[in-house]
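Asks: One-letter residues, chain by chain:
There are 2 protein chains.
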Amino acid sequence: MSGVLTSRAADFPRWYQEVMAKAELADSGPVRGTMVIRPYAYAAWELMQADMDRRIKAAGAENAYFPLLIPESYLAREAEHVDGFSPELAVVTHAGGKQLEEPLVVRPTSETVIGEYMAKWVQSYRDLPLLLNQWANVVRWELRPRMFLRTTEFLWQEGHTAHATEAEARGYAQRIHGGVYAPHLTDLLAIPAVLGRKTERERFAGATNTMTLEAMMGDGKALQMATSHELGQNFAKAFGITFVSSTGREELAWTTSWGTTTRMLGGVFMVHGDDNGLRLPPAVAPVQVLVTVVRPSPEVDHAAEMLVEQLTERGVRVRLDAAVDTPFGRRAVDAELKGIPVRVELGPRDLAEGNVVVARRLDLTKVTVPLMGAVDLAEKALAETQQGLFELAAAHAADHTVEVASPDEAVEACRTGWARIAWSRLGPAGETRLAEQGVSVRCLQTPDGALPESEDEPGVVAVLARAY
Amino acid sequence: MSGVLTSRAADFPRWYQEVMAKAELADSGPVRGTMVIRPYAYAAWELMQADMDRRIKAAGAENAYFPLLIPESYLAREAEHVDGFSPELAVVTHAGGKQLEEPLVVRPTSETVIGEYMAKWVQSYRDLPLLLNQWANVVRWELRPRMFLRTTEFLWQEGHTAHATEAEARGYAQRIHGGVYAPHLTDLLAIPAVLGRKTERERFAGATNTMTLEAMMGDGKALQMATSHELGQNFAKAFGITFVSSTGREELAWTTSWGTTTRMLGGVFMVHGDDNGLRLPPAVAPVQVLVTVVRPSPEVDHAAEMLVEQLTERGVRVRLDAAVDTPFGRRAVDAELKGIPVRVELGPRDLAEGNVVVARRLDLTKVTVPLMGAVDLAEKALAETQQGLFELAAAHAADHTVEVASPDEAVEACRTGWARIAWSRLGPAGETRLAEQGVSVRCLQTPDGALPESEDEPGVVAVLARAY
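Protein sequences, first through last, are from chains A and B. Residue numbers for the first sequence follow my numbering, beginning at 227 and rising by one. Residue numbers for the second sequence follow my numbering, beginning at 227 and rising by one.
What the hints contain is simulated information worked out from the structure, not anything from laboratory work. Hints may be right or wrong, so weigh each one.
Partial chain B-side listing against chain A, Cβ under 10 Å, derived [as the list claims (entries may be wrong)]:
(1) 300
(2) 381
(3) 470
(4) 473
Across the chosen pairs, the derived CB separations fall in these ranges [what the hints assert, rightly or not]:
(5) B/554 with A/409: 38 to 48 Å
(6) B/578 with A/286: 51 to 61 Å
(7) A/370 with B/661: 30 to 40 Å
(8) B/286 with A/683: 38 to 48 Å
(9) A/248 with B/284: 23 to 33 Å
For clarity, every value in this text was computed on a predicted model and none was experimentally measured. Just so you know, even glycine gets a beta-carbon here, dropped at the ideal spot from N, CA and C.
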């Protein structure tokens with residue numbers, strides 16, 4: 227199989243670029259930094275969307291849709307927010323054949339426009355909490371674009387909520403972060419992630435607190451998979467989101483926002499991929515089982531159709547590969563590139579003995595089994611793959627994370643993985659110096675891996691890495 | 227119930243505006259012509275999307291995602307296309323803090339950018355047909371915006387396909403139009419629609435043929451609900467979509483495109499609504515049955531919860547209304563405004579006799595039934611409502627469509643409904659004169675209501691109306 231892709235050890239970025247093209251995941255768009263998401267990758271995104279949408283609705287939020295184009299003046303109302311996003315904005319200055327009186331920004335995120343409508347819709351404490359989510363595209367001009375990970379336009383969900391008290395806002399943001407995002411990553415994407423608090427330097431522009439889930443990629447770098455923000459009363463002040471409390475006082479609301487993007491798909495590719503291509507967790511694999519006709523015969527064709535039918539009945543996403551004009555070896559390589567978790571291969575010789583081959587992408591093992599046992603074994607292989615990919619990723623992360631005592635040690639450790647250091651040994655000054663060497667504080671945790679209430683909590687540990 | 231809304235007969239546009247606000251469907255956006263889709267309307271859109279997406283996938287198309295921002299030069303490659311869309315474009319001239327070398331248009335539709343990638347992906351006849359669909363937002367600057375019907379930004383699906391022959395392209399466009407869009411309208415939205423061919427004047431910019439589905443609104447005007455275009459080889463020429471045929475010759479592909487938008491939701495509101503508000507077809511109603519506690523008691527609360535549970539088990543979208551602090555009458559008015567198809571009302575007095583009330587939004591009838599029969603009756607009422615709304619709309623359309631013999635008669639008839647006239651009596655010149663009086667040819671049909679192969683086919687009938 228060697229030679230299909232550059233090996234990950236030799237050149238990880240190149241491996242990633244090659245797999246984008248060869249597995250037909252994405253193409254560069256016509257405008258620098260944009261991308262075309264091809265059907266195979268988009269189908270995985272749809273599976274992720276469906277799971278995430280279900281979890282978000284179960285947490286009580288409702289979907290809505292707000293406009294793409296935002297008056298430039300809206301962003302300026304929250305000082306940190308506009309400072310954070312100004313360098314990345316795409317601006318519409320002309321429309322309908324005329325110059326606009328006020329330029330419009332293509333939304334980089336929707337706190338401002340949603341804040342405007344929250345102010346309109348929230349009157350009384352009875353209107354709270356207001357729990358909204360939106361699936362949308364956003365645009366942030368990227369200087370160093372990379373497909374899925376950092377693109378000028380990306381797809382995401384952005385949740386926006388308003389609450390009567392700080393404690394309720396905090397509680398809801400934590401519920402989304404720990405109760406929606408974290409299990410989506412582990413259960414669906416088979417990705418172990420570290421949950422922590424961002425430093426002030428790394429916080430979202432306009433937030434009082436940002437929580438993150440960080441995952442280790444195959445090359446030891448970190449990818450921020452999901453963030454959830456407490457926005458305090460910053461946007462409530464800027465947009466006048468006030469309500470009359472149960473005691474009749476006018477008060478400012480407390481808001482949150484939280485998002486996950488198509489970047490997560492890049493994470494799935496980079497966490498689980500190997501030198502033969504992708505390895506998709508079955509839960510997000512558009513094709514879970516490929517039933518492959520090695521060489522056709524009436525018996526083979528019949529058995530293949532029967533397997534497709536039986537697997538479909540069990541709710542497995544199955545596809546028939548009967549493209550026998552293409553050499554079998556090339557089809558197998560393609561299925562491996564695309565990370566299809568399980569293949570069932572049928573050829574006349576095996577079948578004459580009543581057998582088929584079940585191949586697992588997880589570990590490239592193949593077993594010959596009686597035809598009648600193939601469906602059960604394929605289902606078992608799917609479950610084992612979902613679990614096995616998680617375990618491999620967790621072991622990789624554990625093997626590549628070290629405790630260090632100094633920033634110098636951290637830089638060294640971050641050449642191949644992550645470092646953990648007492649935040650008291652680093653602090654904002656040390657963080658700035660590390661940043662100059664390309665290492666960032668991915669998050670802060672308590673010594674036992676929980677969410678600290680502040681940076682100053684005793685014993686807080688900083689997780690350090692180079693990041694995408 | 228009178229007084230909640232302006233009556234439709236008195237002022238249909240005002241009724242529409244009021245129902246937008248009072249049923250919490252949409253708000254005007256901050257930029258002229260844009261809108262905010264509120265959760266209740268968005269939930270209906272999600273149900274429509276799910277049905278449409280399923281039908282499109284069953285027709286073999288795969289979803290993908292193409293960039294929002296398109297180089298201005300792309301549009302210019304197809305002469306009619308750029309002429310058609312130029313006046314409506316929103317243009318990004320600055321991004322990342324700099325003026326761009328080439329302005330970017332916010333996609334008004336994606337034929338051009340998708341054409342560019344089709345050219346890249348299609349090499350051989352084996353790559354055809356290429357069947358793509360995209361769910362996305364598009365922007366067209368509107369001078370006379372109206373919520374859902376005509377907004378500067380709207381949500382839609384746009385299908386784009388490439389085929390080896392004209393016959394295959396035509397066949398696929400017809401399959402989508404008649405086999406996906408038409409049953410979606412009738413079966414899901416309960417909207418009877420007229421399927422026909424657009425005149426050259428009304429054709430999509432760059433198409434060789436446009437098919438449409440036109441529906442009559444409650445005020446007798448027409449709304450274009452779905453269009454499907456044969457693009458001939460126009461975009462294949464402009465973008466170089468060529469393939470090597472099975473005989474080894476390089477040939478130009480034949481492409482199609484087809485779309486439906488959030489405008490359809492406006493159609494649902496305008497076709498089925500009455501003077502008390504919306505009447506949502508159960509298939510797209512976010513809440514199908516509202517279980518209303520008229521006045522609470524332990525028995526009422528218990529029975530209400532039981533009904534919610536039983537209806538949920540049957541797959542009904544049910545919501546409990548136990549907001550007894552709000553007067554019952556106000557809650558009933560609100561449920562009628564929102565068009566919830568069925569309400570089950572529970573009060574202590576009725577329940578003491580073992581009864582509840584089942585109210586149908588369709589005809590505002592209420593029947594008292596034993597508690598144990600309520601679930602069955604509610605389900606029956608849902609089925610009857612889905613069917614009943616279709617029949618009412620079909621009867622309304624039939625009652626307001628007249629055969630006419632002259633353009634003058636047509637203008638008169640189109641004050642309250644639609645007119646049908648022999649196309650040979652009108653022709654492009656008559657069409658232009660009618661347009662000056664606000665009447666347009668919605669579509670051309672054969673005498674028996676089928677799709678004509680050309681405008682010149684003998685006996686072709688023009689369907690005329692004022693349109694949104």
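Asks: Next, verify each hint and record whether it holds.
Replies: Against the structure, the hints:
| no. | hint | result |
| --- | --- | --- |
| 1 | 300 | holds (7 Å) |
| 2 | 381 | holds (7 Å) |
| 3 | 470 | violated (16 Å) |
| 4 | 473 | violated (17 Å) |
| 5 | B/554 with A/409: 38 to 48 Å | holds (41 Å) |
| 6 | B/578 with A/286: 51 to 61 Å | violated (35 Å) |
| 7 | A/370 with B/661: 30 to 40 Å | violated (52 Å) |
| 8 | B/286 with A/683: 38 to 48 Å | violated (57 Å) |
| 9 | A/248 with B/284: 23 to 33 Å | holds (29 Å) |
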